[in-house]
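K.L.:
Okay, so the sequence shown: first residue is 1 according to the UniProt record's numbering, each after it adds one.
Honestly, the hints are just simulated from the structure, not real lab data. Bear in mind that the values here come from a model prediction, so they are computed numbers and not experimental data.
Simulated restraints, written as ranges between beta carbons of each label pair: (1) Ser319 to Gln448: 30 to 38 angstroms; (2) Arg14 to Glu290: 42 to 50 angstroms; (3) Ser486 to Asn31: 51 to 59 angstroms; (4) Glu130 to Gln448: 44 to 52 angstroms; (5) Lys201 to Phe20: 45 to 53 angstroms; (6) Ala320 to Glu290: 22 to 30 angstroms; (7) Ala240 to Gln472: 32 to 40 angstroms; (8) Glu490 to Arg161: 40 to 48 angstroms; (9) Glu130 to Glu497: 17 to 25 angstroms; (10) Ser319 to His58: 50 to 58 angstroms.
Ideal placement from N, C-alpha and C gives every residue a C-beta, glycine not left out.
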Amino acid sequence: MKILKTLNGKEIFRNDSIWFPVYYCFNTLWNYSDASLKLAKSIAENDGVRFFTINCDHEPYLKNLHSKNVYYVVKASMSILHNISRTTDIHHHFKDNGTTEVMLKFATWKDLTYEMLKVMSLLTLAHIVEEEDNDKLIDETGAIECCVKYVQKALTSQKRRHLGFTPHELMDGMSKLAVNDKNKKKIVDAGALPIFLDMLKGDHVEEQAITARALWTLSFDKDVCQQIIEFPEMMERLEALRSSVDKEVAKNVNGALFVLKGENDVSKRPKSGKKNKGHVFISYSWNEKEIVMKLRERLKKEGVEVWIDVERMGGSTLSAMAEAVENAAVVLICMSEKYKQSPNCRLEAEYTFQMRKEYIPLMVQTRYRPDGWLGMILGAKLYFDFSGKYPFEKPWNGLMKELKGMGRLSVLDGNSTDRTDAPIMSSSTSVHSSQPIRQSSMSSKIYQMNTEDVSNWLCSLKLDGCVPSFAQFDGKLLAQLKSMKSEAAEFYYHCLEKNMNMNLVEILTFTDGLEKL
Numbered sequence: 001m002k003i004l005k006t007l008n009g010k011e012i013f014r015n016d017s018i019w020f021p022v023y024y025c026f027n028t029l030w031n032y033s034d035a036s037l038k039l040a041k042s043i044a045e046n047d048g049v050r051f052f053t054i055n056c057d058h059e060p061y062l063k064n065l066h067s068k069n070v071y072y073v074v075k076a077s078m079s080i081l082h083n084i085s086r087t088t089d090i091h092h093h094f095k096d097n098g099t100t101e102v103m104l105k106f107a108t109w110k111d112l113t114y115e116m117l118k119v120m121s122l123l124t125l126a127h128i129v130e131e132e133d134n135d136k137l138i139d140e141t142g143a144i145e146c147c148v149k150y151v152q153k154a155l156t157s158q159k160r161r162h163l164g165f166t167p168h169e170l171m172d173g174m175s176k177l178a179v180n181d182k183n184k185k186k187i188v189d190a191g192a193l194p195i196f197l198d199m200l201k202g203d204h205v206e207e208q209a210i211t212a213r214a215l216w217t218l219s220f221d222k223d224v225c226q227q228i229i230e231f232p233e234m235m236e237r238l239e240a241l242r243s244s245v246d247k248e249v250a251k252n253v254n255g256a257l258f259v260l261k262g263e264n265d266v267s268k269r270p271k272s273g274k275k276n277k278g279h280v281f282i283s284y285s286w287n288e289k290e291i292v293m294k295l296r297e298r299l300k301k302e303g304v305e306v307w308i309d310v311e312r313m314g315g316s317t318l319s320a321m322a323e324a325v326e327n328a329a330v331v332l333i334c335m336s337e338k339y340k341q342s343p344n345c346r347l348e349a350e351y352t353f354q355m356r357k358e359y360i361p362l363m364v365q366t367r368y369r370p371d372g373w374l375g376m377i378l379g380a381k382l383y384f385d386f387s388g389k390y391p392f393e394k395p396w397n398g399l400m401k402e403l404k405g406m407g408r409l410s411v412l413d414g415n416s417t418d419r420t421d422a423p424i425m426s427s428s429t430s431v432h433s434s435q436p437i438r439q440s441s442m443s444s445k446i447y448q449m450n451t452e453d454v455s456n457w458l459c460s461l462k463l464d465g466c467v468p469s470f471a472q473f474d475g476k477l478l479a480q481l482k483s484m485k486s487e488a489a490e491f492y493y494h495c496l497e498k499n500m501n502m503n504l505v506e507i508l509t510f511t512d513g514l515e516k517l
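The task is simple: from the sequences and hints, build the whole structure.
P.N.:
Structure below.
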């Protein structure tokens with residue numbers, strides 16, 4: 001980076017003695033940042049995002065893209081930005097330097113003379129765009145339709161590439177877009193399912209793995225889930241791949257089938273015969289394993305029984321995960337960018353929520369702000385910041401106080417101090433206690449209701465059409481739903497709309513009635 005910055009100040013196109021060193025620097029960073037995410041992250045931390053974003057937005061360059069060398073500088077700069085975008089803990093650099101806005105300019109180009117730049121900008125945006133900018137990306141660029149079209153072209157090309165991009169690279173971008181719940185139906189509507197099936201039928205294991213992961217991610221939308229199930233040959237092909245010798249393929253296929261078959265639905269699962277063991281279940285992304293392993297060891301030293309995949313799951317099934325959540329006293333949700341993107345982590349988090357388990361959010365990535373489905377689960381809950389922003393003992397003391405306060409764990413006193421620090425508030429504008437609403441703070445009437453009473457209550461609100469959706473609800477479950485509204489309002493409304501299929505008027509009527517119980 002130092003060499004590039006120095007040469008950049010000497011007009012890089014002045015003569016060959018300047019241009020060739022610049023060319024080789026770009027070429028080296030481009031190739032090696034693709035091969036090493038560690039190097040890509042280092043480039044970002046050494047002002048690389050700012051430098052290459054400026055190159056992509058430099059007006060004299062954009063006016064002279066017909067020049068071979070100028071085009072190379074812009075193409076290499078954008079490619080390096082794309083490689084950086086695939087790493088973690090550095091996305092704030094893109095926000096600080098306005099990279100999204102610059103990439104959007106390329107993504108909205110109608111002139112396809114430099115289509116490669118359009119494709120690269122879309123793939124970069126798929127990795128860096130935040131939920132709040134998603135609609136702008138999708139509506140203004142047609143990103144989803146473009147990605148589907150490009151994957152199709154790559155698959156039918158003799159070289160199995162489109163503009164230099166492999167089906168796997170293009171599918172990786174689409175898989176990232178699929179994380180946003182608003183995009184799921186749009187991806188299917190754009191004609192992605194036939195392409196997914198073709199990739200699953202192929203013999204490229206990398207393509208099978210990334211496609212199965214995309215299907216797993218898409219299947220969290222109930223309507224899309226049904227479309228996948230009903231698509232001819234899709235389920236048969238997934239069943240055929242569930243025993244693949246490739247571990248990544250098998251993991252993603254089995255994850256997709258777990259959701260597609262409704263095994264993540266609490267109401268459909270058989271009750272666990274095992275007694276609640278009162279352990280702590282740690283839900284995390286492998287990317288944050290270092291801090292998570294430290295937490296595990298500290299918890300064990302305090303006498304807390306810990307359930308974590310590296311210790312007990314190994315190659316076992318997702319059913320083992322579900323049973324572990326069912327028997328947990330509390331779940332620690334380790335929030336990060338990779339956690340949000342992982343369908344496996346989403347499965348654990350949503351299953352925890354469905355089981356109405358106590359859960360404590362932990363922040364394990366610096367400068368990360370949970371949004372989307374993870375933001376809805378966080379709601380207004382308090383979280384403890386283990387991202388490194390504070391000394392470890394500061395959030396640790398607060399976490400231990402919270403765990404001991406729950407009173408259902410075997411925790412030794414040890415040498416813990418009374419000096420504890422309050423957890424950090426979530427970014428939600430409304431502030432609530434981190435503890436669930438207890439019976440004493442609600443009318444006792446609600447707890448005495450049986451399923452028939454709930455049905456009659458819904459009818460009294462003129463919500464007769466909602467009765468089937470609440471068939472399994474008694475007063476205790478209604479009380480939990482009321483608690484959910486206080487603790488995680490966004491998720492509460494999301495559940496009523498998506499899980500209970502309620503429209504706006506029904507949601508408002510139901511909520512008003514619930515408040516009066």
